[in-house]
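J.: Residue-level listing of the chains:
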Amino acid sequence: MERAGNSLPFPRSFLVILLLLILVVVAAQVFTTRYSQHILNMFGIYVILSLGLDVALGWTGLVHLAPAAFYGMGAYASALWVLRVMPGVWYGYWISLPVVLILNAALGYLLALPALRLRGLYFAIATLGFGELVRSVLVNWVSLTGGPYGLKGIPRPYVGTFAITSTSHFLYLIFALALAVGVVLFRLSRGPSGRAWMGIREDEIAATTLGIDVNRGKAEALAVSAAISGLAGWLFAPYVSYLSPSNFTLDESIIILCMVIIGGRGTIWGPVVGAALLVLAPELLRGLAQYRLLIYGVLLCATMVVRPRGLLGRLRR
Amino acid sequence: MFLQQVVNGITTGCIYGLVALGYTLIFGVIGLINFAHGEVYMFGAFIAFSVLALLGGPFSLAIVAVIIGTALLGCLMDGLVYRPMRMAPRVSQLITAMAVSIVLRNTAMLAWGTRTRAFPSIFPLRAMEFWGIRVTQLQLAIPVLTLLLMIGLHLLIYRTRLGKAVRATSLDLEMASALGIEPNHIIATIFALGASMGGLAGVLVSIFYGSLSFDMGVAVGLRAFVACILGGIGSIHGAMLGGLIIGLAEAMAVGYISPGYKDAIAFLILTLVLIAKPSGIFGVLVEKGG
Amino acid sequence: MTKSGSCLELNGVTKSFMGVVAVNDVTFQLERGEILGLIGPNGAGKTTLFNVITKLSSPDSGTIRFQGQDITQLRPHQVNRLGIARTFQNIRLLDELSVLDNVMTAYSPRVKTTKIGCILNLPAYRTEEKTLRERAYELLEKGNLADKAGIEAGSLAYADQRRLEIARAMATGPELLLLDEPTAGMSATEAMELTEYLADLHEIGINLLIIGHDMRFIMGLCQRIVVLNYGRIIATGKPEDIQGNEEVIKAYLGGSHHATSGRA
Numbered sequence: 001m002e003r004a005g006n007s008l009p010f011p012r013s014f015l016v017i018l019l020l021l022i023l024v025v026v027a028a029q030v031f032t033t034r035y036s037q038h039i040l041n042m043f044g045i046y047v048i049l050s051l052g053l054d055v056a057l058g059w060t061g062l063v064h065l066a067p068a069a070f071y072g073m074g075a076y077a078s079a080l081w082v083l084r085v086m087p088g089v090w091y092g093y094w095i096s097l098p099v100v101l102i103l104n105a106a107l108g109y110l111l112a113l114p115a116l117r118l119r120g121l122y123f124a125i126a127t128l129g130f131g132e133l134v135r136s137v138l139v140n141w142v143s144l145t146g147g148p149y150g151l152k153g154i155p156r157p158y159v160g161t162f163a164i165t166s167t168s169h170f171l172y173l174i175f176a177l178a179l180a181v182g183v184v185l186f187r188l189s190r191g192p193s194g195r196a197w198m199g200i201r202e203d204e205i206a207a208t209t210l211g212i213d214v215n216r217g218k219a220e221a222l223a224v225s226a227a228i229s230g231l232a233g234w235l236f237a238p239y240v241s242y243l244s245p246s247n248f249t250l251d252e253s254i255i256i257l258c259m260v261i262i263g264g265r266g267t268i269w270g271p272v273v274g275a276a277l278l279v280l281a282p283e284l285l286r287g288l289a290q291y292r293l294l295i296y297g298v299l300l301c302a303t304m305v306v307r308p309r310g311l312l313g314r315l316r317r
Numbered sequence: 001m002f003l004q005q006v007v008n009g010i011t012t013g014c015i016y017g018l019v020a021l022g023y024t025l026i027f028g029v030i031g032l033i034n035f036a037h038g039e040v041y042m043f044g045a046f047i048a049f050s051v052l053a054l055l056g057g058p059f060s061l062a063i064v065a066v067i068i069g070t071a072l073l074g075c076l077m078d079g080l081v082y083r084p085m086r087m088a089p090r091v092s093q094l095i096t097a098m099a100v101s102i103v104l105r106n107t108a109m110l111a112w113g114t115r116t117r118a119f120p121s122i123f124p125l126r127a128m129e130f131w132g133i134r135v136t137q138l139q140l141a142i143p144v145l146t147l148l149l150m151i152g153l154h155l156l157i158y159r160t161r162l163g164k165a166v167r168a169t170s171l172d173l174e175m176a177s178a179l180g181i182e183p184n185h186i187i188a189t190i191f192a193l194g195a196s197m198g199g200l201a202g203v204l205v206s207i208f209y210g211s212l213s214f215d216m217g218v219a220v221g222l223r224a225f226v227a228c229i230l231g232g233i234g235s236i237h238g239a240m241l242g243g244l245i246i247g248l249a250e251a252m253a254v255g256y257i258s259p260g261y262k263d264a265i266a267f268l269i270l271t272l273v274l275i276a277k278p279s280g281i282f283g284v285l286v287e288k289g290g
Numbered sequence: 001m002t003k004s005g006s007c008l009e010l011n012g013v014t015k016s017f018m019g020v021v022a023v024n025d026v027t028f029q030l031e032r033g034e035i036l037g038l039i040g041p042n043g044a045g046k047t048t049l050f051n052v053i054t055k056l057s058s059p060d061s062g063t064i065r066f067q068g069q070d071i072t073q074l075r076p077h078q079v080n081r082l083g084i085a086r087t088f089q090n091i092r093l094l095d096e097l098s099v100l101d102n103v104m105t106a107y108s109p110r111v112k113t114t115k116i117g118c119i120l121n122l123p124a125y126r127t128e129e130k131t132l133r134e135r136a137y138e139l140l141e142k143g144n145l146a147d148k149a150g151i152e153a154g155s156l157a158y159a160d161q162r163r164l165e166i167a168r169a170m171a172t173g174p175e176l177l178l179l180d181e182p183t184a185g186m187s188a189t190e191a192m193e194l195t196e197y198l199a200d201l202h203e204i205g206i207n208l209l210i211i212g213h214d215m216r217f218i219m220g221l222c223q224r225i226v227v228l229n230y231g232r233i234i235a236t237g238k239p240e241d242i243q244g245n246e247e248v249i250k251a252y253l254g255g256s257h258h259a260t261s262g263r264a
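Chains as they are written, first to last, in this note's numbering: chain A, 1 to 317; chain B, 1 to 290; chain C, 1 to 264.
So here's chain A without its partners, still in its complex pose (with noise of 0.2 Å):
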């Protein structure tokens, strides 16, 4: 939090940005097979969900456990926009990410009305209800999403006549958004909203004599939270052009909630850590792919009880 001096005739964060930008497309290069940029890709994917949560669950203190929900919200609805409502237009794709993005934000808000009357726990178990009932629908409103089958051949996004189709264009894609929202957010986090944000988490009582509308505060949080999750799924949904219920279950969103936990929530960096983490180390220990969640259970678990801030997150006294 510290806002020391600046010498140089830009904001620092130009220099971070430049250095991404160029760390993105010197991954591009080096790892050149298909596989490999798909796991970059779901890292990238998983950066996006695992700061969208933390703007719910570390700089609010709002224990959001559906972020899944969100991810899948958008990734149907930016799927049944291009299959639907444009097909065959090339800029459909392009249209539908502000409809996700307004639909998720709306969605989160509409969701903290009601939820905002529980505090702490059962603020957890409605949004962890909230979830299910997602989930609920999206398996079971057949004529719309399919059903248990899910939803196939999304169509690869174009611009104008070129097609998004490989894995590494989508890298380049995945990868901008992701610094966007990392962008985003890092200005947010530092501004009148992170702050009233983080003085919710910190103690709403204190907060609201302060003049902030503590209910105002969380739902736009949840907002901001659910657009960028939508946003996620948006990506998600032409880059493995096809969905089915089964990727937004609990346990999508228990995946999630490890990654932010075990980098460290509250941070910019702790999610992106802890996505790296937990994306990546699988592929280290491929031999182990069964063992996977086992591990970040265990990895959660130890967490909690050893270093209950994560990885980044700063010990207290």
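Hints are supplied without guarantee of correctness; some may be wrong.
Claimed, not checked - Below, in silico cross-link-like pairs of lysine to aspartate or glutamate (EDC-like), each with a Cα-Cα straight-line distance of 20 Å or less: (1) 112(C) - 252(A); (2) 130(C) - 95(C); (3) 148(C) - 160(C); (4) 142(C) - 70(C); (5) 115(C) - 213(A); (6) 142(C) - 160(C).
These aren't lab readings, by the way, just hints derived from the structure by calculation.
Chain A is fixed; fit chains B and C onto it per the hints.
T.: Positioned in the frame of chain A, the structure of chains B and C alone reads:
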């Protein structure tokens, strides 16, 4: 049709209630939502399955093994994970419990595989017909067994020294230890007790459906949990009643709406309860902290 | 009796919790430019009264007016935005945020630039942030906290925490400041410094309502004192009148055993 669904609803409702007892006991004493409780139920089923099908042991041995095995599992969870977290914020405890749930479920998957297993048929499940309603003997036995377990638990909590200690601990942990009660022992006992009831419920369900799988705990765990909230988490009788209500509501949904939305019913009820009256129907418990 | 010139005006305010009446039919005014003390034995309902004024809890009956406006139905953040700020008896800082950010947080509901301006880092936003940061530093300097701006608020010493809470409350730009036992846990010197600081605030036109246990501090600072006992007002008057008031002495001797220790 209606009465048939009522019978089916009562059967599953009793199971939810039994699992819910475990949640409610633990929450009542230490304010922890033991999210992993559904996995204990699954472990109960698999322990019985292992003794009967893999080792060829008798049913009585299987039951003893389930009770001891799940009780140990409960104590183990408490001692290894929850005890160090006792003073952590509630919400951190909940997240930890979710982690324990993942660990247990995936351990079971590695140990017993991902396939749905057939549970050995020990009892011939004969069905009887009353006024056109099909009832199996087990469907009659489950409510009776549940009732017996409930009465036993009630007596234990309200009539014994141990029960007194449990109640003292749930009221005020520090006070209880000042009175010479060792809270960690009481908490371990509660974990053992709740776990073995959940384990037994798992066995009953496996006999009833004739099958079991590593992920059977998720759905039941969530529903039992909703049952707890519905009945007022912390209340023993509320948990049972909540279980019955969820069981009946689901049976009705299956009968009259669509089997597909069975999963959604519990969460619809949860949402309504949380919004209308977060303290549950019985509303016994004043929310401890947040 | 009602004068339009009152800053704060309570009329028949009653608040009970589960049958226990904590504040009972309280009526008083705080005139513009006044420092009003609120004293009474433990459990007299002083903090409850603060909570009712700041709308953290709603009165069962009665009305509260601030600058002539009825605030009885408002929510706490609205009350603050009208110009009432407060501190807490058991200090409520944003522990994990820096000292500076505690003050900056108080500005957050009052900034003019939007989220978009913040995300795009527009010049208008940067200028506003810079101004706010300078103002925050000014407030911290007045509270002798400027050199601690970067550290976590939760790790401050007790007296520093009390002063930070006041600085933070001042950042909301209040016309009325409610202080709940501001000298609790402070040494005599620190309490003295605080008295001067509060007198300065009064100079620049801030109205003060102060709960205090430390009689020397309250008698020295306040122009008028309201005494509560069992939720009722038992005396109102100038410090010297209160000191000699029979009923007040009786309330203190009968109702509490340690509150009299600091009496002048």
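J.: For each hint, tell me whether it holds in the structure or not.
T.: Against the structure, the hints:
{"no.": "1", "hint": "112(C) - 252(A)", "in the structure": "violated (39 Å)"}
{"no.": "2", "hint": "130(C) - 95(C)", "in the structure": "violated (23 Å)"}
{"no.": "3", "hint": "148(C) - 160(C)", "in the structure": "holds (9 Å)"}
{"no.": "4", "hint": "142(C) - 70(C)", "in the structure": "violated (33 Å)"}
{"no.": "5", "hint": "115(C) - 213(A)", "in the structure": "holds (16 Å)"}
{"no.": "6", "hint": "142(C) - 160(C)", "in the structure": "holds (12 Å)"}
Hints 1, 2, 4, counting from the list given before, are not met by this structure.
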